[in-house]
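Those sequence lines, one after another, are chains C and Y.
Last residue of the first sequence? That's 632 in this note's numbering, and every number before it is there in order.
Last residue of the second sequence? That's 306 in this note's numbering, and every number before it is there in order.
Hints listed in this document are in silico derivations from the structure and should not be mistaken for laboratory results.
Calculated pairs, EDC-like style, for lysine to aspartate or glutamate (alpha carbon to alpha carbon, straight line, at most 16 Å):
1. C:308 - Y:60
2. C:483 - Y:51
3. C:308 - C:398
4. Y:50 - C:489
5. Y:56 - C:489
6. Y:282 - C:521
7. C:552 - C:228
8. C:488 - Y:51
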Amino acid sequence: MNNFFQFDMLSLIFGLLIALGAIPNILYSKGYLPHIDRKAHYNIHYYTFIISMFGVVFAGNAFSFLLFWELMSLTSWQLILTEADKDRESILPSARFYFLMTHFGFIFLLLFFLIVTNGNLEIGFNQMALIASKFAYPTMLFFMLILGFLSKAGAVPLHVWLPYAHPSAPSPVSALMSGVMLKVAIYGMFRFMFTVLPNWHIEWGVLILVLGAISSLVGVLYALSEHDIKALLANHSIENIGIILIGFGMGMIFNSLNLHTLSSFAFIAALFHTFNHMSFKSLLFMGAGSVLHQTHTKNIEKYGGLIKSMPITAITFLLASISISALPPTNGFLSEWMIFQSLLGSSQITNMSLKLAIPFAIFALALTGGLAVACFVKAYGITFLGLHRSQNAKHAKEVNRLMQSGMIMMAGVVVALMLFAPWFIYIFDETLNSLGMVSVYTLIFPNGYLNMHSVAVHGGVVSPQILLVALMVITLLLYLAYKRLGIKERIFHTWACGYDTSARTQYTATGFAGPIRRFFEWLYKPNEHITKENIGTHQSKFSQSSYEVHVKPLFEKSLYESVSKIVNFISYWVYRLAHFEQSRYAAMIFNLMLLVLFSYRIFAHQFSWATFVLESTVMLISIKILIIGDKK
Amino acid sequence: MIFYITTIIIMVLIAPILLSFIKMVKMYLLFKRPISILQGYKDVSKLITKETIISKEASDITRIAPFLVLSPLLLVLFFLPPATSGAFYVSFVDAFTITGLITLSTFFLMLLGLDSASSFGGLGSSREAFISALVEPAMILTIFSVSMMANNLGVAQAGVNLAKEFPSNHMASFLFAGISFFILLIAENGRIPVDNPETHLELTMVHEAMILDITGFYLALIESAASIKFVIFASLFASLFMPFGLDLNPWLSILLFVAKLFFVALLVALIEVNTAKLRLFKVPNLLGIAIVFAFLSLITFYVLGA
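Could you build the full structure based on these sequences and the hints that come with them?
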């Protein structure tokens with residue numbers, strides 16, 4: 001077992017990612033601990049979870065990989081159950097769902113490993129590549145990989161567990177799961193696509209690109225309709241995983257078309273977005289956790305005005321919101337810019353149908369960006385601005401120092417990813433170079449660290465540092481002009497058409513997303529309830545009214561519920577069979593014998609439709625009479 | 001360099017005049033007594049001498065956001081295509097960065113609307129979020145298509161390339177992109193038929209609703225941000241879709257550039273007089289047309305090369 005661990009560049013940069021995500025989280029978690037009842041249970045699983053994530057990225061063979069992978073799944077499952085005593089109805093089913101989905105993926109990973117290792121789980125990745133290259137159906141291996149890893153990463157259609165599992169976990173754990181654990185799945189994609197299955201078909205890249213584009217749109221659209229702040233953020237994880245997959249898919253497509261510099265550029269963009277999403281999503285979940293900690297509710301409609309009582313949380317949350325909305329000059333903008341540039345490099349593709357498909361990916365990414373802005377204006381504005389919408393929000397105070405310092409450290413990571421982008425891109429480039437891709441660092445930064453170039457022909461250039469400084473200088477000049485004028489300030493109530501301003505008249509999160517929900521009604525199919533107490537016979541006058549809207553995700557409704565219906569149907573008949581009287585068992589044996597005889601006749605001798613129909617009829621009649629019997 | 005700075009200063013100075021010009025033309029066509037073309041300046045000078053009233057319910061965002069609404073737009077002015085061929089220009093900034101900076105400004109404007117705890121603010125922000133989310137894909141696709149024709153992703157460089165070599169054999173896709181961009185110009189600047197900048201009626205307003213609780217210097221900042229946004233779009237339209245006259249005498253071509261800006265303003269004014277405002281839920285149809293034209297432009301460019 002001398003290759004139990006291995007430390008190459010890819011493992012190390014993902015180790016760096018986990019360290020960057022986990023260290024601020026540990027501080028935050030220490031501050032959060034008084035809020036948790038089962039402290040020992042929480043601590044044991046929390047630290048094992050972090051160690052197992054390190055274990056996955058440093059694993060050197062299939063055995064250690066699977067061991068740590070499963071440990072990671074099980075500890076995170078236990079962590080979701082930490083607060084199960086408080087809310088059994090919602091936490092237990094979501095933990096069960098998570099358990100099921102994560103093992104659904106695990107089965108495919110296990111199959112993948114059994115094939116590529118020939119049953120000897122202790123061989124290293126390079127030997128696996130040899131066996132995999134001789135395997136006759138590489139596309140099957142590819143499908144096993146994406147089913148295994150994307151069910152963990154939360155790409156459509158295997159994303160349904162995220163909006164249930166992440167909100168149920170304690171906040172530091174949701175930050176860790178969404179920020180870091182999903183990235184471990186991305187690590188799996190990188191590791192096994194590059195080292196074990198290096199001969200990519202072009203269709204694979206297209207499939208990943210399409211999955212990414214759909215995931216990003218689906219994620220952001222369902223995020224917009226959420227009222228639960230943590231479920232909103234979990235849906236945004238789906239969106240960002242989609243964006244990472246767009247970069248990854250473009251990299252694979254370019255590589256299959258022998259456009260090697262563009263391919264490296266797209267992969268660097270995907271890796272960079274992986275890091276960025278880790279930073280801002282952890283920060284957002286920490287901020288949401290602080291708000292939840294103080295207000296004791298996840299419902300976004302019950303917040304409001306928290307910027308006054310929780311300034312540190314509000315400022316860090318604002319930074320992360322700007323970054324996740326991909327607004328310049330933040331790090332989220334930089335990586336999305338890179339992904340856009342690699343999509344725009346598609347003009348070099350000669351395959352016409354592929355060339356025409358890529359504008360649709362650009363469209364999906366741009367629409368996602370626009371909707372993400374809307375969603376984070378909603379999340380930030382309704383949570384932190386305006387008046388307190390409930391008593392819970394009124395009593396909120398700033399969280400304790402440890403939690404604050406966790407958030408500030410994570411904000412530091414966000415800023416570092418923006419300011420030191422060249423350094424990060426350098427290590428991503430080195431990593432991809434060590435995996436056999438072309439080095440493009442000198443093409444991205446041909447003159448100095450300040451200008452980031454696209455490697456596409458006649459591509460664009462961006463510079464986060466210059467943009468940041470220019471924005472700051474212009475804002476400062478305007479501010480100085482304002483100070484110089486010495487204008488008097490008066491504080492007065494908001495004008496509310498002569499009425500008192502009240503928390504009840506503010507816009508709600510449901511109302512804010514109203515136009516978008518109405519435009520995408522065909523997708524949401526919202527379930528609306530309006531109750532009114534009309535005064536007398538007037539239709540338009542009422543003393544009280546309430547409006548509720550629920551959106552059930554389409555994928556869950558169509559895909560998962562139909563699967564569960566089929567499973568229920570089968571298990572009902574299995575149950576019926578298992579509870580027969582003994583005479584019916586004998587009848588069943590008789591039927592089975594008939595089946596064997598008939599099928600022997602059909603397959604071993606000549607086949608004719610007439611005998612087939614005859615024999616099937618005999619079978620059906622005997623089943624009906626002997627087994628099912630008459631309905632009681 | 002001198003032409004670069006002159007162009008920027010001219011754009012900043014002309015911004016309030018352009019909006020007043022639109023209003024003036026409209027009033028003239030409606031047989032009203034037109035306002036002075038300098039009305040924009042009069043408004044701003046009045047606003048910056050007034051005292052600022054800050055809402056008691058609002059937070060520090062109200063004090064910060066107006067500055068951040070204006071500053072990204074001022075930054076965009078530095079990245080626009082040059083007005084004359086000899087001038088310095090920042091060649092490399094692409095459509096995604098420019099759209100991003102404009103969205104950054106809109107982001108803070110929307111936060112400002114939610115900050116004052118008034119239902120009007122939320123209403124405006126909600127509608128603005130809806131419209132700008134649909135504008136973004138069309139905008140990026142359009143500018144991408146134009147950059148393909150100009151053979152450079154940098155917007156300013158694309159403008160220069162178009163002026164050097166007019167894409168006369170890509171006329172179809174060029175026109176489609178032009179139509180799409182003009183719709184976006186109207187939508188992003190909140191003109192009729194998307195938004196009516198003149199009424200304060202809750203049924204129609206988008207931009208005005210967000211800034212209902214802002215006064216004094218802050219309002220001056222936001223009003224100038226609105227006018228500068230119009231100048232940005234007008235100058236992008238002028239440089240990318242009317243790419244001629246850059247090779248004249250530098251001062252003459254700057255003058256021609258200003259004339260183009262007034263031409264765009266005139267077009268907007270004529271459209272405003274001749275159309276009614278759309279219902280909010282009809283606006284996506286208009287933006288859908290913009291998106292479809294952007295796609296058409298790209299596809300005709302790719303497939304037909306026309």
